[in-house]
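Undergrad: All chains should be modelled from the sequences, with the hints used to inform the complete structure.
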Amino acid sequence: MHIDARIDSECLIVILVDSAKIDREAKIPPETLNGLKELGLFGIMIPEEYGGLGLSNTVYARLAEITSLDGSIAVTLAAHQAIGLKGILIAGNEAQKQKYLPKLASGEHIAAFCLTEPGSGSDAASIQTRATLSEDGKHYLISGSKFWISNGEMADIMTVFARTEVVIDGVKKDKISTFIVERAFGGVTSGKPEDKLGIRGSNTCEVSFDNVPVPVENVIGEIGGGFKVAMNILNSGRFSMGSSSAGMIKKLIEMTAEYATTRKQFNKNLGEFGMIQEKFALMALNVFVMESMAYLTAGMMDRPGLPDCSLEAAMVKVFSSEGGWICVSEALQILGGLGYTKNYPYERYVRDCRILPIFEGTNEILRMYIALTGMQYAGKLRRARTRLEVTLIITEVGSVLFFFFQTIVDEQLILKRVADVLIHLYAMTAVLSRTSRSISIGLRNHDHEVCLFCSYFCCQAVYLCLLSASALPCLLRCSTAIMCT
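Taking our numbering, the leading residue of the sequence shown gets 171, the next gets one more, and so forth.
The set of hints was computed from the structure by calculation and includes no laboratory data.
None of the values given here were measured: they were computed from a predicted structure.
What you were told as hints is all true, and nothing was included just to trick you.
The following label-pair restraints were derived from C-beta to C-beta distances:
| hint | residue 1 | residue 2 | range |
| --- | --- | --- | --- |
| 1 | ASP617 | LEU595 | 22 to 28 Å |
| 2 | MET470 | ASN437 | 49 to 55 Å |
| 3 | ILE338 | PRO288 | 26 to 32 Å |
Here a beta-carbon is modelled for each residue, glycine too, at the ideal position from N, C-alpha and C.
TA: Below you can see the structure in the form of structure tokens.
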């Protein structure tokens, strides 16, 4: 079946899903899950040789845009393939891929990503789950608990991160390693599903491991290399949040526009009022920018050689999750009191959307990552920078780096503003790239993209960049005063 047919079929599946019932009963019906499996949506990016669809990151982003019409379904699929099985896909050996990927691709087995623990959320390096090598050297015995695990109750295969003892230069040290754990190994138990604010139909629970025997052949990568595997998994999946958020907001615009063109106040349609039109413009602009960032990043990730796009993916995630939250709030505001009731889906979208700035790395942690990683790139461009025009942003960031040097990692308020500058610079790059392509190939509405989206957003983004950069001297003076007291 051609991909176009699959996309059309997926649209039909989403339309037939009773999202209100899923939200109310906090469970995705088995027939819906079976339909998703029949479409091959549990193996979108798994290569065809292992039974998957073998689709690109760009097509995955497109499908994420469609499945986002139901938040619970979107999270279930993403937890399975964007993080659950991704470790096997990007770091597993051939034997592991041959053994596990076919059943994961078909949906016969469901995957989960087990990193977070009750005592370690964003601080992934502080996990306490431990894997101890058995006396015969054939198994690792894993004990510990994992928290907030999506698909935790129904997962057959889990990517589990645990502390292991390694010897480095004759010294024993604790390092994180990655394991493929089957529920069938025994000793794996799941807690009661969490009663969540939103994405209620997705399964989230605590998963406990009690001396689970895991064959040494099930180590992903090398012993002690688990933290890098975890970061690579998380970094590779964030980009699709841009297209997912865009898909959700498009649906909201469609529903809200229908209401605004029929609802009358003061003898006029609601959509004729300027402040209501401004809300629609804001939502449409955010969709355009989210799409531009997501598909530019996906295109870069599809290039040969597996390029590192973790920085760009993090920027997509932060911008889209926060933009999505603003848009659902504006859509609800247009409906007024009706939007606040459970008779309409707007309150569900608000609840579903609130998780976006939290999971797959909180936006606070990602802002620190964006700023610190961006500064490392800036250092490599020192020679080229001397040929660039002197700007406020370059000057202020340079002053901050000169003053704090290595202790910059502790200056979160400064890092936040540097990250905001970088996020908007990348957003402008994506928007300009998309708009220039529209002009070059002669798209029918390219003039709308130039005037209504590109020009306005870039003016807004430049203002926000200058605002963030201009705050740096004040923060620098405050830090200096504190250090002197």
